[in-house]
Amino acid sequence: MSSRANVINRVVLTVLGLLLLAAGGLGFALSVGAFGASRATYPVLSQEVSTFPDGRPWFWWAVVGVLLLIAVLALLWLLTQVKADRTTRLDLTTNARDGYTTLHATALTNAVEDEALGIAGVTSATANVHEHRGRHALLRVELADSADMGEVRTRLEDEVVAHLREGVGDPHFPVTIELRPGASRTPQRSII
Amino acid sequence: MTAANWVTRVVSALLALALLIGSLLAVVEIVAAALGRAPALIPYPEWTSWLRTHSWNDWIVNAVLGGLVVLGLLFLVLAFRRGKPASLALRSRSGGVDVTASRRSVEKSLATAAARTTGIAGASASVSRRTARVDARTVARSEPGIREEVESAVRGRLDSLGLERRMRTRVDLTMKDTR
Numbered sequence: 067m068s069s070r071a072n073v074i075n076r077v078v079l080t081v082l083g084l085l086l087l088a089a090g091g092l093g094f095a096l097s098v099g100a101f102g103a104s105r106a107t108y109p110v111l112s113q114e115v116s117t118f119p120d121g122r123p124w125f126w127w128a129v130v131g132v133l134l135l136i137a138v139l140a141l142l143w144l145l146t147q148v149k150a151d152r153t154t155r156l157d158l159t160t161n162a163r164d165g166y167t168t169l170h171a172t173a174l175t176n177a178v179e180d181e182a183l184g185i186a187g188v189t190s191a192t193a194n195v196h197e198h199r200g201r202h203a204l205l206r207v208e209l210a211d212s213a214d215m216g217e218v219r220t221r222l223e224d225e226v227v228a229h230l231r232e233g234v235g236d237p238h239f240p241v242t243i244e245l246r247p248g249a250s251r252t253p254q255r256s257i258i
Numbered sequence: 309m310t311a312a313n314w315v316t317r318v319v320s321a322l323l324a325l326a327l328l329i330g331s332l333l334a335v336v337e338i339v340a341a342a343l344g345r346a347p348a349l350i351p352y353p354e355w356t357s358w359l360r361t362h363s364w365n366d367w368i369v370n371a372v373l374g375g376l377v378v379l380g381l382l383f384l385v386l387a388f389r390r391g392k393p394a395s396l397a398l399r400s401r402s403g404g405v406d407v408t409a410s411r412r413s414v415e416k417s418l419a420t421a422a423a424r425t426t427g428i429a430g431a432s433a434s435v436s437r438r439t440a441r442v443d444a445r446t447v448a449r450s451e452p453g454i455r456e457e458v459e460s461a462v463r464g465r466l467d468s469l470g471l472e473r474r475m476r477t478r479v480d481l482t483m484k485d486t487r
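Those sequence lines, one after another, are chains C and G. Take 67 as the starting number for the first sequence in the working numbering and just add one per residue. Take 309 as the starting number for the second sequence in the working numbering and just add one per residue.
Hints may be right or wrong, so weigh each one.
[To be verified] Computed, partial: chain C to chain G, Cβ under 10 Å: (1) L79; (2) L87; (3) A89; (4) S97; (5) R105; (6) A106; (7) Q113; (8) V129; (9) L133; (10) H202; (11) R219; (12) P237; (13) F239.
Think of the hints as simulated: they come from the structure by calculation, not from any bench. Yeah, the Cβ is synthetic: ideal placement off N, Cα and C, and Gly gets one too.
Bound conformation, chain G alone:
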């Protein structure tokens, strides 16, 4: 599961809990009022009088309405944002069998492929839906054309995976700090 899905899952759980507790509390208050009892947990008479004494154009009412709009937009962003994929689809060979490769393992695999290139001291990779980005650290005096070699190694690894969608590659080289 991706980090985006975890955030959505936690927010959903908290929201569900809040709705559950809130609606049950409201039921308790309505039943208590029907039995002629005083407010049990929610000071609703105060809330009612506050709503009666504040008009729609009061700044505090506008602030609450603004909060509702922001909260609504946040929920929509959570519902629609895609984030990085948890896995990448590979080309299908047989019917009824979907083959995928987990994004994290593809990143690890690309970093390993890049790090094996001569003159590269280490590498890290990050993969989004369309782009594979590799950050490689070269040794102090790297050979010319090393970028092409790293790119070729990364492309070779991507080709061997057989991804359904062709991916752009981007290689950034930095010189390893030798101090």
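So that you can see chain C by itself, here it is in the shape it has in the complex:
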């Protein structure tokens, strides 16, 4: 699930909502005689409208074109609902003439998760690289109820994020850390 889908849904629902509101509102205005009392008694499909395509063979093909466009946009909208904006590979190529460098996102995220799990109080860690409004990493960290939030944050920001940025070769790589305090009472990992 992606945040891009949420943005697209809001935009499309706003457009459709406004169109329906305008259509319904104009129809009501017509029915109460806002455009002339006589027009309220006109049939919904007037003679002029129903005979408009007669003698215009292009009309229905233009309608087909518009309908196909709507179908394609609806399909894309439908696919947006199930498509995640996670990235599986990171292109680290600096100069294509010297060759291409690709980093598997899972190699990076596994390393990040392992390092985060090494911090006292962290019971679970999940990392992903997303591609929405530019690349960024999302690190979700579950904390034991007894965890020192300040200490965990410091180590995550100073160590884990620093190493992640070293890995991608970008000292300003954007990172979002989602902390889940009190997610579990006892750490899943223990030192033997």
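Start from chain C and add chain G according to the hints.
Just chain G now, with coordinates in the frame of chain C:
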């Protein structure tokens, strides 16, 4: 993802599917009509004659228009409602790093903090954008000033989180049913 986002996601998927099927059906009917065939799936000649025999001020036409307005408003409500946040922003310490705390875990954490107060048998918490509300159940004979103690525990936990926006706290106490 919040419950509000799930509802929007499901409605959007259904609407996209309806638009896709509807537009393809209409294309099939136009092509069939161009080839001189009878309506394949949609009885559009009946629909056309219905539209020709009903005027704008007919009650059934008004009912359909009312339905369009209501549907349009529902879509706008879905598009603009904010609901409870999935996560709360924490104060940023370093550039390029956004730190958040998931709302559910903050609620759980506040409930735990409140429940640890002496005289409290259990607690639940709910967090909105600006307010943290804690419902605590006291044991039969609770000490005076227990509300202040719960509030202090909840505030302490919120301070330790370092939320970007200061949150109001509200504590409601109920006596635990000892029957």
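Okay, the hints, checked on the actual structure:
About 4 Å separates the beta-carbon of L79(C) from the nearest beta-carbon of chain G, less than 10 Å, and the hint is met. Given the 10 Å rule on beta carbons, the hint for L87(C) holds: about 4 Å separates it from the nearest Cβ of chain G. Evaluation of the A89(C) hint against chain G yields a held restraint, the C-beta minimum of about 6 Å falling below 10 Å. Nearest Cβ of chain G to the Cβ of S97(C): about 4 Å, under the 10 Å cut. The hint holds.
Because the beta carbon of R105(C) sits about 7 Å from the nearest beta carbon in chain G, less than 10 Å, this interface hint is met. The restraint placing A106(C) at the interface with chain G holds, with a minimum CB-CB distance near 4 Å, inside the 10 Å limit. The closest approach between the C-beta of Q113(C) and any C-beta of chain G is roughly 8 Å, which is under the 10 Å cut-off, so the hint is satisfied. The interface hint given for V129(C) holds, since its Cβ lies 6 Å from the closest Cβ of chain G, which is under the 10 Å cut-off.
Satisfaction of the interface hint for L133(C) is found here, the shortest Cβ-Cβ separation to chain G being roughly 4 Å, below the 10 Å cut-off. Evaluation of the H202(C) hint against chain G yields a held restraint, the C-beta minimum of about 9 Å falling below 10 Å. At its closest, the beta carbon of R219(C) sits 6 Å from a beta carbon of chain G; the interface hint therefore holds under the 10 Å criterion. Checking P237(C) against chain G: minimum C-beta separation of about 9 Å stays under 10 Å; hint holds.
With a least beta-carbon distance of about 7 Å to chain G, the hint placing F239(C) at the interface is held under the 10 Å criterion.
The structure meets every hint from the earlier list without exception.
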